[in-house]
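Trainee: Sequence:
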Amino acid sequence: MNSMLLLPNTDEEIMDMHDEDIIITTREGKIIKVTQISGEHYGLSPAQLLGKSVFDLEAQGIFSPAITPEVVKKKKKVVIVQTTPSGRKVLITGIPLFNAQREVEFVISYSYELSELIVMKEYLQDLETEMSKVKEELAHLRDQHIRIDGAIMESQSSSRAVKTALKMASYDAPIVIHGERGVGKMTLAKFIHSKSTRHADAFIEVNCSTIPEAVFEIAFTGQGDIKSPGYLSLSHGGTLVLNEIDQISLASQCILYKHLQLQQSIRVIAVSEVSLEDLVKKGSFREDLFYYLNLASIQLKPLRERPEDLEKAISQLVQNLNEKYKQEKKVADDLYLHLLQHEWMGNFCELKNVMERSFIESESTVIALHDLPIQYQPSEDEQIGIEIDGQTLPHILEFVEKKVLLNAQRRYKTTTVMAQILGISQPSVVRKLKKYVNTTIGDDIE
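Take the sequence shown: its position 304, counting from 1, is numbered 290 in the numbering used here, and each next residue is one higher.
Derived by calculation from the structure, the hints in this document are not laboratory data.
All values reported here derive from a predicted model rather than from experimental measurement.
Take the hints with a grain of salt, since some may be wrong.
To be verified - No farther apart than 30 Å at their CA atoms in a straight line, the calculated lysine-lysine pairs in the DSS-like style are these: (1) LYS298 to LYS338; (2) LYS287 to LYS418; (3) LYS16 to LYS61; (4) LYS338 to LYS62; (5) LYS60 to LYS19; (6) LYS63 to LYS75; (7) LYS16 to LYS63.
Make the full structure from the sequences, and use the hints.
Mentor: Here it is as structure tokens:
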């Protein structure tokens, strides 16, 4: 993510270092800092901009469109093309500044006046380079299947997703795959392609959110001053994956829908972090494009709701790391239990990162709790401290069992998941909780 952490006096230092057109706004859209030349593109003086709301300026047709709300929404660097009141084209780049809570506090934007042709030309030059690399890879891909690796999908919910994917692979109908970042959406998309009749042809992934709106259509069609094939041509006969399709504007959705309707030789897979159906209800996703894409929908649940997959992934990652670094390491039992209890909001990507960091940090053949990055190590109340003196073994075991059960109860929603994690039956979990907790275990006694 292109972003910066907000430090004391950051804005003053930026203004002192630049004599270019730079504007700083609050997350609410109020302009609080400008440079000496700010406003020249819009026929305004710096004083006329200070204190103004970007939303008011947008409504007046001065900022068309405003960049601040887009940066706040996406929490990353955004590049747009503005049209000034005089009709000139201005390239605007907005960068978020985060506070200590990792929330967008301010937005820095800077601009350069460029004709629309120059903006398109620069992007198309980059696109042409990218397309050349893709074409070089296609010859290799046509002679072999795409290797499927990455996410583990053996849990009940994942098995259903794979079963649906396998069924749909034999059809050329569009598919929507949605789920949190890092749950294995692209792995599943590659699996569908590898099992389809198009497996020997192109597999083209497009990150829709990175394409500037001004050249969105050209990126797909390849039309323009610079002659290079677009994504549709490169995908001919194969599979086109539209990643982060939920991030594009309604105008870009209209363009995409228009061209997809004309395609008869491309398999389309749309990938999203959120439900497109929910976006349709909110009015931020076109209904016609949704119905075109959503002939089949597959949801991949987060790793924290797939204990079987998490268990398998930990073992697989250790095996892969041993092969990669030519080691023979294993995970300590207490670390293994701690990993199973972690929520893994970043899913497989986060798990892989933490496992490799811990593997490298470990100086022993056994990866221990203290090898974890500090922010992943258990807090004091999660650690089990035992004074052996004067206590019998049954008393110690009962103490440990109670600690483990109560920790698991705090982390997981149901006794069914607790049972899967702890490796005991669900009735046993219910019985033991009743023993240690003087309340009724209500909603999930099955």
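Trainee: Taking the hints in turn, state whether each one holds.
Mentor: So, going through the hints one by one against the coordinates:
1. LYS298 to LYS338: holds, 12 Å
2. LYS287 to LYS418: holds, 29 Å
3. LYS16 to LYS61: Between LYS16 and LYS61 the Cα gap is close to 17 Å, so the pair holds against 30 Å.
4. LYS338 to LYS62: holds, 24 Å
5. LYS60 to LYS19: holds, 22 Å
6. LYS63 to LYS75: holds, 19 Å
7. LYS16 to LYS63: Holds: LYS16 and LYS63 sit about 19 Å apart, inside 30 Å.
Of the numbered hints stated above, none is contradicted by the structure.
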